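Number of protein chains: 2
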Amino acid sequence: MIEQNFLTKDLLSEEDIKLIHKTSMEIFEETGVEIHNEEAREVFEDHGARVEGEKVFLPGSLVEEYLDKVPSSFTLHARNPDNNVEIGGSSGVLAPGYGAPWVTDMDGSNRDATYEDYENFTKLAHASDNLDVLGGVLVEPTDLADEERHVKMMYAGAKYSDKPLMGSALGKKKAREAIQMASIIMGEEEIICDRPIVITLINTTSPLGYDNRMLEALMEHARFNQPTVIASLIMAGSTGPVTVAGTITLQNVEVLTGVILSQMVNPGTPVVYGSASTIVDMNTGDLAVGSPEYAKFIGATAQLARHYDVPCRGGGSITDSLMTDGQAGYESMMTFNASMGHGMDFVLHSAGLLKNYMAMSYEKFVMDDEILDMVNNYQKGLAVNEETVAKEAIQNVGHSGHYLKEPSTIEHMKDFRVPALSNRKGFDSEEASKSTVERAHELCESILSDFEAPPLDPKIDEKLQDYMDRTT
Amino acid sequence: MIEQNFLTKDLLSEEDIKLIHKTSMEIFEETGVEIHNEEAREVFEDHGARVEGEKVFLPGSLVEEYLDKVPSSFTLHARNPDNNVEIGGSSGVLAPGYGAPWVTDMDGSNRDATYEDYENFTKLAHASDNLDVLGGVLVEPTDLADEERHVKMMYAGAKYSDKPLMGSALGKKKAREAIQMASIIMGEEEIICDRPIVITLINTTSPLGYDNRMLEALMEHARFNQPTVIASLIMAGSTGPVTVAGTITLQNVEVLTGVILSQMVNPGTPVVYGSASTIVDMNTGDLAVGSPEYAKFIGATAQLARHYDVPCRGGGSITDSLMTDGQAGYESMMTFNASMGHGMDFVLHSAGLLKNYMAMSYEKFVMDDEILDMVNNYQKGLAVNEETVAKEAIQNVGHSGHYLKEPSTIEHMKDFRVPALSNRKGFDSEEASKSTVERAHELCESILSDFEAPPLDPKIDEKLQDYMDRTT
Chain A
1 MIEQNFLTKD LLSEEDIKLI HKTSMEIFEE TGVEIHNEEA REVFEDHGAR VEGEKVFLPG
61 SLVEEYLDKV PSSFTLHARN PDNNVEIGGS SGVLAPGYGA PWVTDMDGSN RDATYEDYEN
121 FTKLAHASDN LDVLGGVLVE PTDLADEERH VKMMYAGAKY SDKPLMGSAL GKKKAREAIQ
181 MASIIMGEEE IICDRPIVIT LINTTSPLGY DNRMLEALME HARFNQPTVI ASLIMAGSTG
241 PVTVAGTITL QNVEVLTGVI LSQMVNPGTP VVYGSASTIV DMNTGDLAVG SPEYAKFIGA
301 TAQLARHYDV PCRGGGSITD SLMTDGQAGY ESMMTFNASM GHGMDFVLHS AGLLKNYMAM
361 SYEKFVMDDE ILDMVNNYQK GLAVNEETVA KEAIQNVGHS GHYLKEPSTI EHMKDFRVPA
421 LSNRKGFDSE EASKSTVERA HELCESILSD FEAPPLDPKI DEKLQDYMDR TT
Chain B
1001 MIEQNFLTKD LLSEEDIKLI HKTSMEIFEE TGVEIHNEEA REVFEDHGAR VEGEKVFLPG
1061 SLVEEYLDKV PSSFTLHARN PDNNVEIGGS SGVLAPGYGA PWVTDMDGSN RDATYEDYEN
1121 FTKLAHASDN LDVLGGVLVE PTDLADEERH VKMMYAGAKY SDKPLMGSAL GKKKAREAIQ
1181 MASIIMGEEE IICDRPIVIT LINTTSPLGY DNRMLEALME HARFNQPTVI ASLIMAGSTG
1241 PVTVAGTITL QNVEVLTGVI LSQMVNPGTP VVYGSASTIV DMNTGDLAVG SPEYAKFIGA
1301 TAQLARHYDV PCRGGGSITD SLMTDGQAGY ESMMTFNASM GHGMDFVLHS AGLLKNYMAM
1361 SYEKFVMDDE ILDMVNNYQK GLAVNEETVA KEAIQNVGHS GHYLKEPSTI EHMKDFRVPA
1421 LSNRKGFDSE EASKSTVERA HELCESILSD FEAPPLDPKI DEKLQDYMDR TT
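Top to bottom, those sequences are chains A and B.
Heads up, the first sequence is in my numbering, so the first residue is 1 and it goes up one at a time.
Heads up, the second sequence is in my numbering, so the first residue is 1001 and it goes up one at a time.
Just chain A, same shape as in the assembly (with noise of 0.2 angstroms):
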């Protein structure tokens, strides 16, 4: 969790903002949005929007009547309460990469994710200082058959972390699934839903759409009183118009359109406001989330989030490298201090990424935890008062001394970071030769190799068995 300080200033203008809701309402009247389930274009009918075929409009009022129904922010319970998050409150709520089909070894060569990984990175995200969130698709366990994947997943976040977990969107019975596994991991018989315990990831189908299985999934949380995050990945110049201000706008119509369907459902559920979006390379046709143009979408997501009041979800430590190399970190360290710095409350994609979301790396993962903590430092900003000025030393020391045996630099030095990862050792240390995929490699196996889970209840460890066994 990392405090919001807001450390960067607004890109939006107040004009900006009333530009972008305007037009957004016009296209939501005038264009309307492609929901491809029955049931969802039926809640939007029964609570006052036009449908035609499969297309939904709705009017600004409706639109603005139930905004005002989304909670602003809401605690996420996590099995052990020591490691609840608030999400939309005063720090940015942290979770590791999420969705990717590859792993990258250190090697550079890349190959499917297994279910090993899937339980490895769970490891790693419990190990860290600074993530606050796992479970999901941490990575995507490719030697499981899809229909166990969701509930193995699951597993994995109990057997081995008792931080708050995500849930599954691939339809109606995995969600339903995923939010009775989640139950049962919080001690529970009947299936929660008088608080948020698994939150889910619902995507548009850019532009302008919503397939099925998401709004099942959509529909199925909000009904349990379960938090969703909606958002959209649209290409800049590909899915979404060439400009950020265009894609933002599209943007802005397809992730309000499943926050007014929550609200439809259960009225004060809780909703993310989300964005994965970014620019296409004009020369590859690919994404590209390491570009400065990515901190722009960042900045303008969270900050149109915050005028609707909507918790908001987007950025990540996130890079186009295919490893774990210079661009990687210095891609990251700016998609990562853009979201810190404009505010994000819920941070997907934190740790592990390359080449956009495509593959978990354990080297970056490791790399990425120390970007988080550098960031974390930095925004907290300094203190200054009559202790830190530091007067006394000043003239103590006057002009020829030491400040290392000042009785202050004793009580003080350890108010400085110390680096996990970061080599700060001179070209004659033995570690010289060591670069930092090498170090961060060390640094992941030692923190693998020492991993002590959390205890798990006996009981709840049988009966999450036997719930696999029933359902798979």
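Worth flagging that the hints you see were computed from the coordinates, not collected in a lab.
As the structure is a prediction and not an experimental result, all values here were calculated from the model.
Take these hints with a grain of salt, some might be off.
Unchecked claim - With a Cα cut of at most 27 angstroms, we get these calculated BS3-like pairs of lysine-lysine:
1. LYS1172(B) / LYS1463(B)
2. LYS1018(B) / LYS380(A)
3. LYS1380(B) / LYS22(A)
To be verified - These stretches of chain B come out as covered by chain A in the derived footprint (C-beta under 8 angstroms, 3 or more residues):
4. 1162-1175
5. 1201-1210
6. 1311-1325
7. 1393-1401
To be verified - Have a look at the derived ranges for each label pair, beta carbon to beta carbon:
8. LYS159(A) / ASP1415(B): 46 to 52 angstroms
9. LYS1405(B) / THR114(A): 48 to 54 angstroms
10. HIS1399(B) / THR284(A): 22 to 28 angstroms
11. ASP1415(B) / SER72(A): 33 to 39 angstroms
12. ASP1068(B) / GLU386(A): 27 to 33 angstroms
13. GLU452(A) / ASP1309(B): 56 to 62 angstroms
14. GLU38(A) / ASP1415(B): 40 to 46 angstroms
Here a beta-carbon is modelled for each residue, glycine too, at the ideal position from N, C-alpha and C.
Given the coordinates of chain A, assemble chain B onto it according to the supplied hints.
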């Protein structure tokens, strides 16, 4: 040059600044600063300071009186007027790494820097669209005799570039000779004192002192109306208090001393408030410039300088890493983004450095140039207007089209930044196995092999060579 948009918020409150200023004035009056040059002490005494032995004590009123004389901005002239820069204006002016005695090669091996390296880095700095000022100790040419280094460095700056130049701070004679050579480069017969043509870096001796050579160079520059950067490099916890606030206070006293001396010598002469201070790493006892604490030094220094209405220098694209790896990437992005976000007017060390200020690297130089360009793009923010929100394109494409064919896409796709170094290709591309440092190496080779020096008037070239023969 990077437009200053102050995208990052102030770290210090008005109260914080008041306390730092008040404490600084108390140290000025009660503790004083050691000035190891008799002439400088006489200047202080003649203008109302109290002098005891080598110590100079300044009453607050005197500090404020002379601070009022400092120009809030000035133009540094180049031999090609198109390359003139305003320091303290609306853009951050960038210069490459300064002062490194070593060069680190791609394999991580470290060697003494040579004059050939000096020439090569001059070419790279000239070729960069982001770097504005070069010369000075771009790298230490250790294969040249000490007495000829400053003129040979100046000559390389003239031969391979027509951008503004830095001079020498190594005593009165060398400072004068650099000013004389800069005058010849400008095509003048006499030494120029009607406009700034060469800027030099004056360092304090912490804590609370100035050595003889630096004082001589400072006064010589002031006499000829040539700008200086007065900078502290305090190591918080060793040569300064262990808190950022305390070291900022100590630095304030040190830097203001030099700033005031420049104004006593020549009221209105251009001067820059500078800092390279950072924390000491408590495990190694070495500087930690890649730390988040360093980013706070950048912010606090820039803000104090603005409070005094004096142009500021600090920051850079710097790292503690020994090679062009992930750490070099994330640390350099953190420090450079802070430098621009906090509105530094002049940034030394913008490209090439490894291991704080100790080693230059060709690959790091090229990587940093990419970082500068990314930060430049980000700091520009985004344009929101009727055209960019792209309502027409959104409605034309609707729910299932593609934006690539939209006329607005073709018109605006060139607006997205195209990286010079960063890889956005996929795992199946030919370049997939090349890391950032390898790609930077190739890019650097091609810049150097394609390099064409801007034309230099043969008469001026001859005069410079004559001058070098006479002085060395």
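Would you say the segment 1201-1210 of chain B counts as covered by chain A, given the rule of at least 3 residues with C-beta under 8 angstroms?
-> holds (count 3)
Measure nothing beyond the straight line between the CA atoms of LYS1172(B) and LYS1463(B); if it is 27 angstroms or shorter, mark the hint as holding.
-> Since the Cα atoms of LYS1172(B) and LYS1463(B) sit roughly 22 angstroms apart, the hinted pair holds (cutoff 27 angstroms).
LYS1380(B) and LYS22(A): Cα distance at most 27 angstroms?
-> Holds. LYS1380(B) to LYS22(A) sits at ~24 angstroms (cutoff 27 angstroms).
Given as covered by chain A, does the segment 1311-1325 of chain B meet the bar of three residues or more with CB within less than 8 angstroms?
-> The restraint on the segment 1311-1325 of chain B holds, since 6 of its residues have a Cβ under 8 angstroms from chain A and three suffice.
Take the C-beta atom of LYS159(A) and the C-beta atom of ASP1415(B), compute their distance, and say whether it sits inside 46 to 52 angstroms.
-> holds, 49 angstroms
With respect to the beta-carbon atoms only, verify the hint that LYS1405(B) and THR114(A) lie 48 to 54 angstroms apart.
-> The hinted range 48 to 54 angstroms is violated for LYS1405(B) and THR114(A), with Cβ atoms some 41 angstroms apart.
Would you say the segment 1393-1401 of chain B counts as covered by chain A, given the rule of at least 3 residues with C-beta under 8 angstroms?
-> Check passed, 8 qualifying residues.
Mind checking, does the segment 1162-1175 of chain B have 3 or more residues with a CB under 8 angstroms from chain A?
-> violated (count 0)
HIS1399(B) paired with THR284(A), Cβ distance criterion 22 to 28 angstroms | Taking Cβ atoms as reference, HIS1399(B) and THR284(A) lie about 26 angstroms apart, which means the hint holds.
Kindly confirm whether 56 to 62 angstroms is satisfied by the beta carbon distance between GLU452(A) and ASP1309(B).
-> Given range 56 to 62 angstroms: holds, Cβ gap about 57 angstroms.
Would you check the hint for LYS1018(B) and LYS380(A), treating anything up to 27 angstroms between C-alpha atoms as holding?
-> At roughly 21 angstroms apart (the allowed maximum being 27 angstroms), LYS380(A) and LYS1018(B) satisfy the hint.
Using the C-beta atoms of ASP1415(B) and SER72(A), is the stated range 33 to 39 angstroms upheld?
-> Check passed, 35 angstroms falls within 33 to 39 angstroms.
Of the numbered hints stated above, those contradicted by the structure are hints 4 and 9, listed in ascending order.
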